[in-house]
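Engineer: From first to last, the protein sequence lines are chains A and B. Counting in this note's numbering, the first sequence runs from 4 upward without gaps. Counting in this note's numbering, the second sequence runs from -4 upward without gaps.
For the record, the hints were derived by calculation from the structure and aren't laboratory data. Be aware that a few hints might be false.
List time: in silico DSBU-like cross-link candidates among lysine-lysine, alpha-carbon distance up to 30 Å [to be verified]:
id	chain 1	residue 1	chain 2	residue 2
1	B	K46	B	K107
2	A	K422	B	K107
3	A	K560	A	K470
4	A	K470	A	K422
5	B	K46	A	K422
6	A	K572	A	K560
Quick list of simulated restraints, FRET-style, between CB atoms [claimed, not checked]:
id	chain 1	residue 1	chain 2	residue 2	range
7	B	P23	A	R563	35 to 41 Å
8	B	N215	A	R371	51 to 57 Å
9	B	E221	A	S444	56 to 62 Å
10	A	R371	B	A52	53 to 59 Å
C-beta atoms are modelled at their ideal positions from N, C-alpha and C, and glycine is treated no differently.
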Amino acid sequence: MNGMSKVVGIDLGTTNSLVAYVKDGVPAVIRDRNGDGLVPSVVSVAADDTIYVGREAQRRLLTDAKRTVYSVKRFMGKGREDVQAETGHFPFRVTGEAGGVLRIGVGDREFTPPEAVITVPAYFNDAQRTATRDAGRIAGLEVLRIINEPTAASLAYGLDKRHTGIIAVYDLGGGTFDISILRVEDGVFQVLSTNGDTHLGGDDIDVLLMDIVLAEMSSPSYGGPYVGPRFSGAADGAAGPAPEVIQEVRKAVIQAKWDLSEREETDIVITRSGTAEAVPYGAGTAEAEPYGATAEAVPYETERYERHITRAEFEALIQPIVDRTLAPCRQALADAGLEPSQIDEVVLVGGSTRIPLVGRAVASLFGRTPHSEQNPDEVVALGAAVQADILVTGNREMLLLDVTPLSLGIETMGGVTSKIILRNSTIPATGSEMFTTAVDSQTAVDIHVLQGERELVADNRSLARFKLRGIPPMPAGMPRVQVQFQIDANGILSVTAREQRTDVEQTIEVKPSYGLTDEEVERMLVESFEHAEADFTARLLIEARNEAEAVIQATEKSLRAPDFAEIEKSELAAGERQRIESVAAGLRMVLTSSDRETIQKWTQALNDATQHLAEVMLNRSVNAALAGRNVDSV
Amino acid sequence: MSLPSSAPTMQACQSCGAGAPLDAHFCPQCTKILPLPRQADYFGFLGVPRKLNLDAADLERRFRSLSRQFHPDYFYNATPVERRASLERSSCLNDAYRTLRQPGARIEYLLKIEGLAPNGSGEAARQVPPALLEEVFALNEELAEIRDLREGGSAAGEWQGRLERARQPIEARRVEHEAQLQELAARWDAAVDRGATDGERRAVLDALRDRFLERNYIANLLAGIERELNS
Chain A
4 MNGMSKVVGI DLGTTNSLVA YVKDGVPAVI RDRNGDGLVP SVVSVAADDT
54 IYVGREAQRR LLTDAKRTVY SVKRFMGKGR EDVQAETGHF PFRVTGEAGG
104 VLRIGVGDRE FTPPEAVITV PAYFNDAQRT ATRDAGRIAG LEVLRIINEP
154 TAASLAYGLD KRHTGIIAVY DLGGGTFDIS ILRVEDGVFQ VLSTNGDTHL
204 GGDDIDVLLM DIVLAEMSSP SYGGPYVGPR FSGAADGAAG PAPEVIQEVR
254 KAVIQAKWDL SEREETDIVI TRSGTAEAVP YGAGTAEAEP YGATAEAVPY
304 ETERYERHIT RAEFEALIQP IVDRTLAPCR QALADAGLEP SQIDEVVLVG
354 GSTRIPLVGR AVASLFGRTP HSEQNPDEVV ALGAAVQADI LVTGNREMLL
404 LDVTPLSLGI ETMGGVTSKI ILRNSTIPAT GSEMFTTAVD SQTAVDIHVL
454 QGERELVADN RSLARFKLRG IPPMPAGMPR VQVQFQIDAN GILSVTAREQ
504 RTDVEQTIEV KPSYGLTDEE VERMLVESFE HAEADFTARL LIEARNEAEA
554 VIQATEKSLR APDFAEIEKS ELAAGERQRI ESVAAGLRMV LTSSDRETIQ
604 KWTQALNDAT QHLAEVMLNR SVNAALAGRN VDSV
Chain B
-4 MSLPSSAPTM QACQSCGAGA PLDAHFCPQC TKILPLPRQA DYFGFLGVPR
46 KLNLDAADLE RRFRSLSRQF HPDYFYNATP VERRASLERS SCLNDAYRTL
96 RQPGARIEYL LKIEGLAPNG SGEAARQVPP ALLEEVFALN EELAEIRDLR
146 EGGSAAGEWQ GRLERARQPI EARRVEHEAQ LQELAARWDA AVDRGATDGE
196 RRAVLDALRD RFLERNYIAN LLAGIERELN S
C-alpha cells in the first residue's frame, strides 16, 4: 500500500470531528494549514444555499444562528419526541426527522475520502449506529466499519506499549458518555463490558452555565430589554432572547469552562452592540462582512454582562453531572465481574475529561491516577485510523473484539420482552428463538424486535416490526420457525428465519425505524436536498401508518380474545371497552390522512386507551404461566 | 457420539469444491475458511472434550487464537463466500465461548446437546421440583406471615430477622446442591474418559438434570427473598 492506506478513521464528535490515517504504520491526524486537526461539527446553510462547515460554520453560529446546526450527534437515531425537552437550548429547529441533519457531520469536501471507519459512542443503539452509517453513506463515504469510541481509544493507547492487562476507558465527550472495560492480551483487545449514557456530556455543563447566565441577564437588576426568562425554542422566538444572544452566551460560558480547567477563577463576559435581529457580532471587521452586516442594522446601545466564577462554584454546579457518570462505571465493573482494584490502567478520553473534577472523580472510583498522555480529543480518531488500516492492509498485529451494549429481544405475549442476545455479548453474535402458529393454516407471524434492558416492551427501544410470511400451511402449533438474529462486527442487526419442518429459509429485510435501505441512500445521493427530505417524510408517514395498523390489529386481537367477555366483566371499568373501540375507530379514520403527527397522536391515544387492558391480559398470562399452563404462542 | 448415524461427516468446501471434515475450520485443500455446518457443537468447535470441568485459561487461549483466525476484520477483502463463513464462524466462536465459560450455562448446554434439555422453552420448569416441595411450602407460609407483619406496620428489624431465618434453610440447600452438581460433573467427566456405556452416561445426565433444575429453582427462591428484603 506504499506505506499509506487510502482509508481514514473518522471520529464523529458532538463538538468536533477529526480525521486520521495511517502512514508508514503510524497513525496521524489530518491537519489544516494552521496545524489544526479539530473540525468543529458544525454546518451552516446560508440563505443563498452556500454550505459552510467546520470553523467557518462555527463563526456563523454568532451571525446566522437559525441556519447553523451543531451538536446534532445528540439527535442521531432519535425521534423528535426523544429530544423535545432539549431542543429548547438549540437555536435551530428540529423539524421532522433528521433527513437534512444526517447529511452534515463529515461533509467537508477537503477530507472526503472513498472509504472510512467511523466511530460511535459504545452505548449507541442499533438505530443510532444505522443513522451514523447512513450519514457517512449520504456524504459519499464507503463506511467500512463502525467502531466504538472507547475501543478505538484503547487501540491508540495500545500502540506505544505492548501491555497486557485490564483497562478501563472513561470517555466523556461533548454529548455522550461511555465507559468500557477491556482485557488486552497478545494484541487482542477484548471488551468485557460497556455502559454509558448517550445524552450526557460537556453540552450539559454548558447548559447549566447558560441557564444561570440567561436567568441573571433577564433579572430586573440586569434589565436587558431583549432577554426573556429562558429561550423557549418557539418558532418565532417570541418570548425568548434572539438566537444570536444564546450563541453569545454559549460561547462565553464555554470559554469560562475551559478557563476553569487551567485556573482557579475567571470571568464570564458578554458584550453586545447592535439590534436584536441583525448580526452584530464583530460588525465592522472584515471577517463579518460577508455575513450580512447590513446597512439597515441600526447601531444599538452597547450592553455588558459580567460575572465572576470560581472553580469551587463551578465544581459544585457540575458535581451532579460528574456523579451521573459513576453509576454506569459501577455497572460496567459488575458486568465484567471485576472490582475497581482489578483494573490495571484507566484511560481518559474526550474533551470533558480535561475538567479537573472529572479526573479526581475517576481517580477516586478506580483508586488510581488515570492516564491522559494522549490528546483526549485526538486519541479516538487515531484508533479509528489503526482499525481502518487493519481492515484494508490485513495487518494482523491487533484485533478488536467488541460487545453489543444493549440486550436484543423480541416481544412475547402480554407485551413482555424476551431477551435473545444479552448485553455485553462479544460481537459478531447470534441468537435464536422458535416461533409457531396460533391458528390452523396460519402462514405468517408478526415479530417485534426490541433493544434494551427493561422487562416491558413499552420501556425498550422498538427496532423493527415485521411479518414473517411464507410459512407452509399446517395445523396450529406445528410449524417450527427458527428466527435467527445476527449482530455483525459493526453492532448492526439482521434477521433470517427458517421453517425447520420444511426447511424453507427466508431472509427478512428488517426495516429499523431510522435506517435507510441501500436504494434509498443511493437516491438521496443523486437527488436534491429538498427532494430527499420529502422522500424521508413520505417514508416516515408510511412507517407511522404501519405502526398505527399494528396497534389497531393488536387491539382487535385483544378484543376478540376468547376470554375477553370475562375480562370485561371482572376487570374493566364501565365504558372502557367502548372508549377503546371509539379511539380505534378514530385512528382508522385518520389512517389515510397524510398528516403523520395526527396519525401518531391517535396511535398514542389508542396505546393509552388499551394500556390497562394490556396490563390485565399480561397479569392473566403471567398467572396462567405460574399455574403451569403453556402460553407459548405468538 | 450421539449424532444420528445418518449425519454427514464431510462437507464440501465452497471455495474449491474439495471435501473437508465436518469439524475442520479451514479447507485442507485450499486453506480457505469453511462455512459453518448447521449443527455445530460448541465443545467440538473449540476443540475441547465434552466435559464439565474445563480449564478456564486454556478455554480463553483457544478463544483468542480462533478469534485471530476467524474475525471478519481479517476477511475484509476476501470473497463473499469467505466473508460469510468468517461471520458465521466468529459468531459461533463468541457464542460458544460465552456459553462454555460459565459453569451453569455449560451444564445447560451439555444437557441440551445430549437431548435432555429442560422441558418447554427457555428456562421453563416453573413447577416446584418434588424434592423441594416441603421447603417451598414452609417458605411460602413464612413469606405470607411476614407480608402480613409488614402490612400491619411491624418494625423492620422484626420481619427482616424472620426473613433472614427463613432464608437459611434454602441457602443451605443451595450449598448442598452446588456440591452435588460438582460431584456429578466429576462423574460425568470420568464417564467420558473411560468411554462408559450409553446407559451409564444417561444415568449421570438424568441426575445432573434434576439437580440442575432444583438448583435453578433455589436460585430463584433466593432472588425472591432478596427482592422482598430490599422492597
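Engineer: Would you mind marking each hint as holding or not holding in the structure?
Structural biologist: Okay, the hints, checked on the actual structure:
For the suggested pair K46 (chain B) and K107 (chain B), the alpha carbons sit about 14 Å apart, so the restraint of at most 30 Å is met. Distance hint between K422 (chain A) and K107 (chain B) is fulfilled; the C-alpha atoms sit about 19 Å from each other, no more than 30 Å. Between K560 (chain A) and K470 (chain A) the alpha-carbon distance is near 16 Å, which keeps this suggested pair within the 30 Å criterion. Between K470 (chain A) and K422 (chain A) the CA atoms are separated by roughly 19 Å; this keeps the pair inside 30 Å, and the hint holds.
This hinted pair checks out: K46 (chain B) and K422 (chain A) have alpha carbons roughly 28 Å apart, not beyond 30 Å. Straight-line distance between C-alpha atoms of K572 (chain A) and K560 (chain A) comes to about 18 Å, which keeps the hinted pair within the 30 Å bound. As the Cβ distance of P23 (chain B) to R563 (chain A) is approximately 59 Å, the hint placing it in 35 to 41 Å is violated. A C-beta distance of roughly 38 Å is found between N215 (chain B) and R371 (chain A), which places it outside the suggested range of 51 to 57 Å.
For the pair E221 (chain B) and S444 (chain A), the beta carbons lie near 47 Å from each other, so the given range of 56 to 62 Å is not met. Between R371 (chain A) and A52 (chain B) the CB atoms are about 26 Å apart, so this pair departs from the stated range of 53 to 59 Å.
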